[in-house]
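The residues making up each chain are set out below.
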Amino acid sequence: MPHQPIMFQKPFKAEGSQGFRQNLSELLANQQSGLTLQQPFYNSPEIYRLEVENLLMNRWHCVGHVSSIPKAGDYFLFEFDSESVIVVRGENGEVHAHANVCRHRGSRICSKQSGHANGGVLVCPYHAWVYKLDGSLRNARMMPPEFDSGSHGLKPVNVEVAEGLIFLNLSDEPREFSVVAEMLSATAGKFGWGDAKVIHEERYSIDANWKLALENQVECYHCGPSHPEFSRVHSQGRPNTEQITEQTRAARGEHGIDISPIDKWAERETRGEEAVFVERHGMFNNALTASDGGQPVAPLMGNASGYDGLFTIMYVGQLNHFLAYSDYGAIFRYTPRSVTQTDFHVTWLVRGDAKEGVDFDKEKVTWLWRITAAADKRIVEENQIGVNSRFYTPGPYADPIEAKTQRFIDWYLSEMSLAAQA
Amino acid sequence: MPHQPIMFQKPFKAEGSQGFRQNLSELLANQQSGLTLQQPFYNSPEIYRLEVENLLMNRWHCVGHVSSIPKAGDYFLFEFDSESVIVVRGENGEVHAHANVCRHRGSRICSKQSGHANGGVLVCPYHAWVYKLDGSLRNARMMPPEFDSGSHGLKPVNVEVAEGLIFLNLSDEPREFSVVAEMLSATAGKFGWGDAKVIHEERYSIDANWKLALENQVECYHCGPSHPEFSRVHSQGRPNTEQITEQTRAARGEHGIDISPIDKWAERETRGEEAVFVERHGMFNNALTASDGGQPVAPLMGNASGYDGLFTIMYVGQLNHFLAYSDYGAIFRYTPRSVTQTDFHVTWLVRGDAKEGVDFDKEKVTWLWRITAAADKRIVEENQIGVNSRFYTPGPYADPIEAKTQRFIDWYLSEMSLAAQA
Amino acid sequence: MPHQPIMFQKPFKAEGSQGFRQNLSELLANQQSGLTLQQPFYNSPEIYRLEVENLLMNRWHCVGHVSSIPKAGDYFLFEFDSESVIVVRGENGEVHAHANVCRHRGSRICSKQSGHANGGVLVCPYHAWVYKLDGSLRNARMMPPEFDSGSHGLKPVNVEVAEGLIFLNLSDEPREFSVVAEMLSATAGKFGWGDAKVIHEERYSIDANWKLALENQVECYHCGPSHPEFSRVHSQGRPNTEQITEQTRAARGEHGIDISPIDKWAERETRGEEAVFVERHGMFNNALTASDGGQPVAPLMGNASGYDGLFTIMYVGQLNHFLAYSDYGAIFRYTPRSVTQTDFHVTWLVRGDAKEGVDFDKEKVTWLWRITAAADKRIVEENQIGVNSRFYTPGPYADPIEAKTQRFIDWYLSEMSLAAQA
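Protein chains in written order, with full-length UniProt numbering: chain A, 1 to 422; chain B, 1 to 422; chain C, 1 to 422.
One should not assume that every hint holds.
Below, in silico cross-link-like pairs of lysine-lysine (DSS-like), each with a Cα-Cα straight-line distance of 30 Å or less [to be verified]:
1) 112(A) / 377(B)
2) 197(A) / 377(A)
3) 132(A) / 377(B)
4) 132(B) / 377(C)
5) 377(A) / 132(C)
It should be emphasised that the hints constitute simulated quantities derived from the structure, not laboratory data.
Only chain A is shown next, with the shape it has when bound in the complex:
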């Protein structure tokens, strides 16, 4: 599907945007390297607005997996900031994404988080304008003869699918996607994610700025104190992660899965491309997967011919993280909703032909990450409360255990410097 230009509602700028740019430039100039951000970056609505428009809207967002919408007309919603997008399976199996806004009077068309478009059409419940699954307007009752149906289709949102994962880009100049497709082919592809199926989804609504959520997501300094269940089976957050990985690899060998690290993350990306990052680590305590006790909880996925005791982490851009174990996968999606509200979605995948109750127990597959995600929500909210204080001052990142958080912040600051000058 070709990328289509999108005409946005031009923002209604309150006066004084000049003053804001100047304040922002001073704030950026005062920011010290190696320390956490100054308070306004975590709670200024004006800064949040700039971030959404300049740093987040033009990125690729992984919104789910094709197995959630198997039949033509099946849809789910993707919500981001004040936006709602309908992701729907088309007549010929393709995936479409449309702004969830009727072209007549602007009503939301779908209000349920997921559902099925009866009769193969999306009907606005307000005045019954009828759209095809590809977004084109099929019928608008009682409109005058001169009305041009052709120019009143649903606004298209750019969509790409790679290894079963659906990605959206809400800008009219999306970044080059090929680097993402290549990375996923070399990672998730080997685990057969293209044919996998979603068995569960959870949404954690976090009362905190999106950057605090991501700073937490990418470091494992907190794993010991905050995630005992996670830490029992993962080597991350320990001083000797690399050594454990080497030992695991030596002891068990690779069972059909050969994955190399990739680092085109953040500032190492090529301008215009989406950032990607891959690393592979050993489990801990001889665990074979991320479960209570470390024993397998679902059939082997993709090319895996045995449990190698390793797990793979993949990043796409800043907001999308993926975890592949031998027997299941997890998709982590962060979506900012306001300056201090962030949705955190977790989606669990298993082999496409695995049968619930026979091949896997859903509770056991999802147990570890449900506990861990709920703890992360609590942690990040406490962080926001503290950061809101006058007494908060930027503190030092621990090196090297928080290196990825610092890398994220460095990327953020360089992007904001560009945005402040734009």
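Let chain A serve as the given structure and place chains B and C on it in line with the hints.
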């Protein structure tokens, strides 16, 4: 009661009101005729503030019916934006309206939506200042001798009563009311509304801008898809409404009710007068009134000598709509509370001497409009959500089925153009 | 404990602070003496922000009593505006106060309102940085060798204790405390508050501006209409309070408690010192204490050798009021949380060795002030609603019954004039 000047608290203007006026002027210049409004008109707090002060405060608002306050001291509250007004029956049967703000320290005096002023006085619960029903200060305990009671009465709000309907005007330069009184005499008067009685009231709190609520109220393009119960008995929203009306009139004749259309609505009003509008249509499916099945649910009202299968719609200004059937009446009141909150009140009237349980069943009289109003709340809220999206762009009104909505928007834009220059 | 300087997060000023200062100056110039404040003083977020920074942060706040934290490691939180402070008993019995913000990534350290620091350390739950009770950083795991623990202690908050009462000052230039200590020694000290114990605390969250709450607190014009239970046993709010006091004193004599009035309140304070105020009145209806019926509800406190039928009111600054009866004490604390949200805390004290169920019944000791405080919450919220109206205009304070309220407002206006020029 003579219209009295009101001294308002001067608004505390944040800097930059110049910038706001310029932005507004640009927005108005960009607005295309025949299309819905641009997004900021639906969600900008600054624009809402201007609307309240310049377009809404100086209009007449129908706040209820005299039968709700039969005895001296009976009162109810009218709430609008951040205001609360006490509407109270006086000693001699007249209706008074007072700002619900004590002249001592500013406390709200009445907090219940309706009640009775015991002993014929309104007593502030804070320090027990005592006001007569006409608003004058009767007693302020312990005040020093030099205190001037005469200048500390409750702030008066202009009030008019016509055909039993109570109207308030919150400005100190109210529009000429006579055109409203004449219109109501020629319409509601024939249905005996002056002697009617209120049997039920409902408040629907709508999370949407007041204009979206009114755009919905004045068109019946949505009636088919959204209001099946309404559409079974009303001819509106069909291509042949006029034909149905003619046929009904020919088949049944007029039974004592002779009402002509009036169009002094919106831009056809005389400057300084309130706008009014009247139209009369046939019911559908041989219905005689707006009920489940179309059969009568209450005794004939006023001059009606039989069921003529017609119904009458009346508008006063933008926010007040009235419906008269042969056996009952409905008062629709929209009151903005904030930029995206609107109260929608519905009040049901029947003949004054009708007895509940004998002459009418309240559930049956109110059934259709309870269902329809609840659906309207849902519809309008979905519209607001969609309009908040970046992907929203103004869409085309369907002509002629949405002509009244477009007429409302044209009025709005012309008023805002004046306000932007003021 | 020496007063320590605090480095605050520099506020991120939106443009237009010049315009705000000019608007404020005009508002102050328009304010009439003897009348309540103009509306913006009660609901402008910008004015609230200035008040917090210039009028409230640099005052001493009574946050509780030492008996709430008897053992080393016992702590409770003090919350003010967006701040949270940990008040904790140290190893040697001293009281420490620390900003509840980890020096690493800014997380809140304690989230419960009160508790115990296990093992004699405060551990941030996020990454397990460990602080001693005196706030110094004991251990930060995995930090690099060059990390300076000595400069990463919890930010200290100035703390003073007088007669068992704990006071905090959130500024780095706290006012001289000695006048407070002297006043309390001459009042609360005689009631033995230093050895008293807390038996109950209540928090009333008031949806109103802090000044409306305090205007209410310091006058008894409203006591008759609004607090019948209070008025049955207190002489305040009556025209002959002084006469009652004299009669009570003559009839009963002083039983070991000799307290003189002090007036270093508001503008009578010495610049740089905290304001204090003391007065002593007779109970009413031959009541001996503030209870249902006026009979004693707990053992005599401190030097009291009998029930003298008098009670003592003490003020520290604007936000802290204290009441001493012969058998119990009450601490009243107002803490602004936002422009229209104020926490109102009441803490009840009895003699330190009194046993619940034997020497006193907690329900009886707390009954009167629970009822009275709940009524005050309701009153003040109704006041805010009225003041928000366009129809609100400043009204006259009743002289002399509202003299203390007017005194408070005069102080406020003189402080705001200084702030507007700063």
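Here's how the hints hold up against the structure:
no.: 1; hint: 112(A) / 377(B); result: holds, 17 Å
no.: 2; hint: 197(A) / 377(A); result: holds, 26 Å
no.: 3; hint: 132(A) / 377(B); result: holds, 27 Å
no.: 4; hint: 132(B) / 377(C); result: holds, 27 Å
no.: 5; hint: 377(A) / 132(C); result: holds, 27 Å
In the structure shown, no violation is registered for any of the earlier numbered hints.
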